[in-house]
Amino acid sequence: MQIRLQNVVPVPLREKILQRKSEVWNTNIVFDQGHWIKIKAPSGTGKTTFIHTLYKIRNDYSGDVWWGNQNSREVTGDALAQIRQQKLSIIFQDLRLFGELTARENIELNRVLQEPFYEGAMIDEMAEQLGVTHILRQRAGLCSYGEQQRIAIIRSLMQPFDWLLMDEPFSHLDQENTRKAAALIADECSKRKAGFILMDLDEDDHFNYFKRVEL
Amino acid sequence: MLNQLLRKLIRSASGRTQWLLAVVGLSIALLLIFAAVQVQVNYNDLLHGKTNQDSVANFLVINKLLNNQTYGNATLSAAEIDDLKKQSFTEDVGILTPSRFKASVQSYSDRFPFYTDISFESVPAQFIDVNSKDWKWDEQSAFIPMIAPNMFLDFYNFQFSFSQNLPQLTQDVVKMIVFKVNINTPNGVVSMNGRVVGFSDRITSLLVPQEFMDWANQRYSINQDTKPSRVVMRTKDPGNPQLVEYLKGHNLVTDADKTRFSKYRQIVNTVVNISWITGAVMLLFALLIFTLFIQLTVSSCKDEIELLVTLGASPKQLQRFLMKQFFPANVFIVLITLLIVTGLQYWVYSILSQQNMFVSAFTSYYTLLTALLILLVLWITNRTTIRKYVVQQQK
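Each protein sequence line maps, in turn, to chains A and B.
Going by the working numbering, the first residue of the first sequence is number 1, and it counts up by one from there.
Going by the working numbering, the first residue of the second sequence is number 1001, and it counts up by one from there.
This is chain B alone, in the form it adopts within the complex (with noise of 0.2 Å):
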């Protein structure tokens, strides 16, 4: 009942233009932030959840860019590795060895005649994806165990068998070959046994263990230059633009494919840096027209204020009544936003589901608590201002 006489008495100041404003203002505002935040927690799911995780690519193999300045000098020096090491996208980082011996591999059928010159690598243990109990080895081993990049296989199947009239092999055959590896020393030809014991597509060279690689290179090297020229990177996010910066800048190169969601992000983190600060923008001059609306009202029934304080109404009992006055729309346009944001969620979820990508189908926790946060701030601003105002209007 007091509030309705009180409705009648303070009513809300003319401007319903300027009510309007203030809540289209606010709306716009609003959705903003919301759909910042949102895109902010897709793009996030997008990149580091598990359905959407991609092993390989969160590998990098790097080295220097050769170029006609490089040339004749690749190396990574360790100040470099150290440096690369010490940066926050980095999650671990190991140095790739390459051998320093000339090296081949035949096979012993004769049905299957295959030679071939290579040249092996080795990386620490943390960085190989094949679990093998072969792969270990000492001086007393009856063979090499390798690790062949998929690459390799497929291209021997699809391109090098047909061209020499040779059998396509599976994985599983290919493991079963004991191979013949030809190592040249400065006293002639070493030979020993190897064999592949799994396949990786995480390294695109043919690696042995490093046990073996520093055994081979100490005995058979032909040049003593011990500086790596790769190393292979571990990282949460190959497309975080800090990383393809930083290469770039070192003057480093990788698999261009791995970091081409960089290029995406940057554009994404911009839209939402500009959704971001024109929200707040928006939300400022939302607040600011909301306080002179206020202001405005309770100027205009300064009058009946100034009597209804005379006659016994208390400061908390006006102030309630404004509360109750003007906070509800605010509540009201922040469901409204909130609803809007959550079905242009759900659309996108249902956009990118269709394409095997996977976001939440419902506003994020960091979206409600965004609205939970704003609606303390509108909460505080009206507040403050109607007791500003009811303070002021009875001196």
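Looking at chain A on its own, in the form it has when it is part of the complex (with noise of 0.2 Å):
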């Protein structure tokens, strides 16, 4: 599924964002499947809302997105279900963890929302390389954010899709354990011939970016 922006401006950010050259806002943009694409963007230019007007969490811009020929405001209901459950997987900045779940539940959850992609072993085979086995027992609410964070993205990767969108991914990790999930990201990319989002503050080489550009 290609995904292209067509003069995507955020009505809250408007006035910000026409006063300064961005190579996504408010310009024609196509990211075609399988591309790695790593986008830069400093504090307050809108990387958490570009996120959320991807995945239609937000609807307040003015522009189209488009989910290959569907224009993303069209799509409600089942039909949005259906594009999270096969196309679009998401990590949050704030990880929207089911705190009241344990750190297994939350990645199970995912995993059976829709035909299972992978089967429950691959949990634990995920979460042995990322070295969170210990806690998968243990309610998420209690994990620290470290730990957190390496259950959503191992709950990212239990679906199906195309795309992965990922605001911050590894901000609450130190480099070894960025390395890992970044080695298991790539992995699970490649398997399934998808593409990725990676927005951050800064630049930095965890992937083999098809194409970087800033917010």
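Quick caveat, the hints were computed from the structure, so don't treat them as lab data.
There's no promise every hint is true.
Stated by the list, open to error - Only part of the chain A face toward chain B is listed, based on derived beta-carbon distances under 7 Å:
hint, residue
1, 34
2, 81
3, 113
As the list claims (entries may be wrong) - With a Cα cut of at most 20 Å, we get these calculated SDA-like pairs of lysine to any residue:
hint, chain 1, residue 1, chain 2, residue 2
4, A, 56, A, 75
5, A, 56, B, 1392
6, B, 1008, A, 77
7, A, 56, A, 21
8, B, 1316, A, 32
Model, not experiment: these values are computed from the prediction.
Don't be surprised by glycine CBs; every beta carbon is placed ideally from N, CA and C.
Starting from the two chains in their separate frames, assemble the complex, guided by the hints.
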């Protein structure tokens, strides 16, 4: 699935955005299936707004976001759920885990929302890779941010997707853990021939990016 | 697995008492409604069932109430008879024609000396319940066939015969006796033969064929007033309160014994109606509480539902899950109350059958149909409420 943006400008940031040059806002930009995109976004430029607009959590923008040949504004209800189950996966900056569920249950939930992409054993395998096996039975609300972030990463990889949207996915991780997580993400995207859009504050070399743009 | 996780996330709203209240309310409501349907069906069974049918009761002889106001004018006008024919409870109306000549009956035999003044009545053939090949008359007939009320024979056998020292007579013996029927005319007495061809409980007068009555009345009548004063009516349900009300309103009377059921029927109707209305009102309240309960649950899990939808849970999945959470309780209540009503019905059946009254041992199809209908209403209510609030939550 190709993602295409046509003159997208978020309404609350309109003034600010029109004052400066952006490679993303208010332009026509196309992300082709399988491309790994890095978007560098200094604070306050609308990084999270951008991810939320792509994922259709926010609708307060002018212009159009296209998922393949569908205008995302016209996709609602069960069809929207279908896109989120099959085409788009996401790692939120604020993680968004269910605090009452255990770490494993949080991951499991995203695994069984649709016809499972992986067996349940895959959770243990990925948890092992990211070093969070010991907290799988713990309530997510009691885990540290670093642990929660790794749970959120594993959760996003449990489903099928064409695109993985990431909003500062390593913000709570040290270098070693970031390396492991990036390796896992790269692996999973390759397996699916999927692309990703990674939003971050600074430059980095976690991945072999196809394109780097500035927000 | 998904449902298990959802169950952990979307806990039923905290109001356990509310839930219990709704369950109890719905149970009582359903019990009342099912019982009302079942009682109605049972009562209809008792009234119209073949095993309980009483054919005599379905024929009512009706005449004007004779009192100071109607004295001397107790005849029925054509308009009154037409009106009676038009009523919904009326199946057929026949005019009873009285003889308008003086007559007597006596026996030929000396061994059985018998004499009495008599009057006849006749009624259209479809109201006669005696099948006899002799029930016909023309001027060439050897005798006049008559149908006597059983009451007459009983009166003779158990009173009159004792006082007169006469032998008792069976129906068959009476049918063999040829009587002498004397009719007083202005030109003297005309005698003919007569014979009883059958007995009936339906109409309590000595009946002769309509043809004879018309002929004799025309020839020997001493007054020309031909207005009828009594009619016989066939009805499905003599206990119909409408019928009793109508008769009362038009100053008409009939055998009160036959219409006595109407009073019970009215009571049953009232009880059934109260049960209906109470049940319906309670059902409404129970539905309201269930709706509120669903609303409360959904809104108390607002954040969880929002995140679920964000992660890709479809509204359909959530609705299906919530249906599974709430609807089975309703099905369970319907089944339990149906079971209770079935038990009660069996109990009623065993008690009534001891008194030779027969109702079905099981709940009627109507009750089951009502249960299905209510399940449908519950399903629709659940579904629309869940839809409404899940959709509302996403906005």
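Determine which of the earlier numbered hints do not hold for this structure and return their numbers in increasing order.
-> 1, 6, 7 and 8
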